[in-house]
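2 protein chains.
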Amino acid sequence: MKLKRFHFDINNLIDDTITLTGQDAVHAKDVMRLKIGDEFIAICGNGLDYYVKIVEFIDSNIICKVQKVEQNLADPQVDVTLYQALLKADKLDLVVQKATEIGVQKIVLFQSEFCVAKWQGKSNKLDRLNKISVEATKQCGRSEPITIVADYFFSDVLNELANYDCVIFAYENAKDYGILDIKGDYKKIAIIVGSEGGFSQSECQALCKLKNVHCITLGHRILRAETASIVASALVMAQFEK
Amino acid sequence: MKLKRFHFDINNLIDDTITLTGQDAVHAKDVMRLKIGDEFIAICGNGLDYYVKIVEFIDSNIICKVQKVEQNLADPQVDVTLYQALLKADKLDLVVQKATEIGVQKIVLFQSEFCVAKWQGKSNKLDRLNKISVEATKQCGRSEPITIVADYFFSDVLNELANYDCVIFAYENAKDYGILDIKGDYKKIAIIVGSEGGFSQSECQALCKLKNVHCITLGHRILRAETASIVASALVMAQFEK
Numbered sequence: 001m002k003l004k005r006f007h008f009d010i011n012n013l014i015d016d017t018i019t020l021t022g023q024d025a026v027h028a029k030d031v032m033r034l035k036i037g038d039e040f041i042a043i044c045g046n047g048l049d050y051y052v053k054i055v056e057f058i059d060s061n062i063i064c065k066v067q068k069v070e071q072n073l074a075d076p077q078v079d080v081t082l083y084q085a086l087l088k089a090d091k092l093d094l095v096v097q098k099a100t101e102i103g104v105q106k107i108v109l110f111q112s113e114f115c116v117a118k119w120q121g122k123s124n125k126l127d128r129l130n131k132i133s134v135e136a137t138k139q140c141g142r143s144e145p146i147t148i149v150a151d152y153f154f155s156d157v158l159n160e161l162a163n164y165d166c167v168i169f170a171y172e173n174a175k176d177y178g179i180l181d182i183k184g185d186y187k188k189i190a191i192i193v194g195s196e197g198g199f200s201q202s203e204c205q206a207l208c209k210l211k212n213v214h215c216i217t218l219g220h221r222i223l224r225a226e227t228a229s230i231v232a233s234a235l236v237m238a239q240f241e242k
Numbered sequence: 001m002k003l004k005r006f007h008f009d010i011n012n013l014i015d016d017t018i019t020l021t022g023q024d025a026v027h028a029k030d031v032m033r034l035k036i037g038d039e040f041i042a043i044c045g046n047g048l049d050y051y052v053k054i055v056e057f058i059d060s061n062i063i064c065k066v067q068k069v070e071q072n073l074a075d076p077q078v079d080v081t082l083y084q085a086l087l088k089a090d091k092l093d094l095v096v097q098k099a100t101e102i103g104v105q106k107i108v109l110f111q112s113e114f115c116v117a118k119w120q121g122k123s124n125k126l127d128r129l130n131k132i133s134v135e136a137t138k139q140c141g142r143s144e145p146i147t148i149v150a151d152y153f154f155s156d157v158l159n160e161l162a163n164y165d166c167v168i169f170a171y172e173n174a175k176d177y178g179i180l181d182i183k184g185d186y187k188k189i190a191i192i193v194g195s196e197g198g199f200s201q202s203e204c205q206a207l208c209k210l211k212n213v214h215c216i217t218l219g220h221r222i223l224r225a226e227t228a229s230i231v232a233s234a235l236v237m238a239q240f241e242k
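Going line by line, the protein sequences match chains A and B.
Take the first sequence: its position 141, counted from the start at 1, is 141 in the numbering used here, and no numbers get skipped.
Take the second sequence: its position 33, counted from the start at 1, is 33 in the numbering used here, and no numbers get skipped.
Be careful, since some hints might not be right.
Because identical chains share one entry, a pair is satisfied inside a single copy or across any pair of copies.
As the list claims (entries may be wrong) - Within a straight-line C-alpha distance of at most 30 Å, the following computed DSSO-like cross-link-like pairs (lysine-lysine) qualify:
hint	residue 1	residue 2
1	Lys29	Lys53
2	Lys35	Lys88
3	Lys175	Lys106
4	Lys65	Lys106
5	Lys242	Lys131
6	Lys138	Lys175
7	Lys35	Lys65
8	Lys68	Lys209
9	Lys118	Lys4
10	Lys175	Lys68
11	Lys88	Lys2
12	Lys53	Lys68
13	Lys29	Lys88
14	Lys53	Lys138
15	Lys138	Lys209
16	Lys183	Lys65
17	Lys209	Lys2
18	Lys187	Lys242
19	Lys187	Lys211
20	Lys175	Lys187
21	Lys4	Lys88
22	Lys175	Lys2
What the hints contain is simulated information worked out from the structure, not anything from laboratory work.
Could you put together the complete structure from these sequences and hints?
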């Protein structure tokens, strides 16, 4: 049976003892009904999987002994950032969950000219997205949570793109050149996907003239913005992570 | 501005006049508020896009004149069937919507040994999935609706697989062999994705021993069943549709 995964704070690892606290402890005890002697995988974001056995419950904390430690094999071998223009309603929930599962390392939400959705003051929304991502991290076997950043504008995105080996821009006017046509051993990759309204002409021009930007098509059909993000992430991971 | 798409019945094409009837006419008139002189693309599932202009409203029908007819370029160039084991809750909604956008031609829902969800008697559910698919067809620019079949068992799936050039089985124990490693000019392709519980050992064995079956991994992370379907469909279209 597949072992469950729970997060712990690195400060709660002392010798071969890990103490699970907070929400994860509550979830393990009250929802998953783990008992003394049960095993699970404890993760803290350092790339390691701690296989532990429960030895004691103290108040709402769970005391565990480490049985073995292994390198986590689900953590991505390429560093992919998804720049996603703001989307309406709960579409960002889907993007965050699926991009985390697929292997994206960082998601940057930004406002572009044609965005209908706005971000200002939605700190609750960021909490929610982080929670979705942490759940997806555990579910898909990754050991490290992904980073989600909001409150960017298109100009902030432009300013960062020189930091990447390869920038992949899902461009609605691109033809006959897809992600699988990009060859190279790229390790630090950015994906840029627009909002429901796409990008303005001047935004497209600003992106297309950058030297490391590949303007690609995602196929012959018009994908919804959230589908484009999921598809582009899947193609990038399949193409560049060996 | 992108023209909207509405379905019409092929019998309602007479010379250069198309009559839009039923739900699509109601939607065009009352929701999209189209008026006389407005243009849209009328589709009827024959691979053609009819560019039309509204000339008259008669009762709840819309009478249009055909301006030009073009081959639809969004219809997939490969024939992909997604065999999807039944999933819980509304996950099939997501699979159907995304697979339609991505370019799958047919979706076959089937019950396997470890399926928690059952299909029996859910004709409402099939109506709902068909409706989602028709909407996605129009949204992504395809001219032909996809086919959705339910009420299959695993054995029915097995019996059909000889009809495909290439069968792609998303197998959780596969390693180092992904969809992008499959080379060949395949035109008729099946994708097989399990339920939340995966496949039983005997089901896996039955699939793996078929000659045209490729047992592939979808990467280093454990994908939810619905994510696996979306990712596999995206990779197949990118790899085999030129």
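Output the numbers, in ascending order, of every earlier hint that fails for this structure.
4, 8, 15, 16
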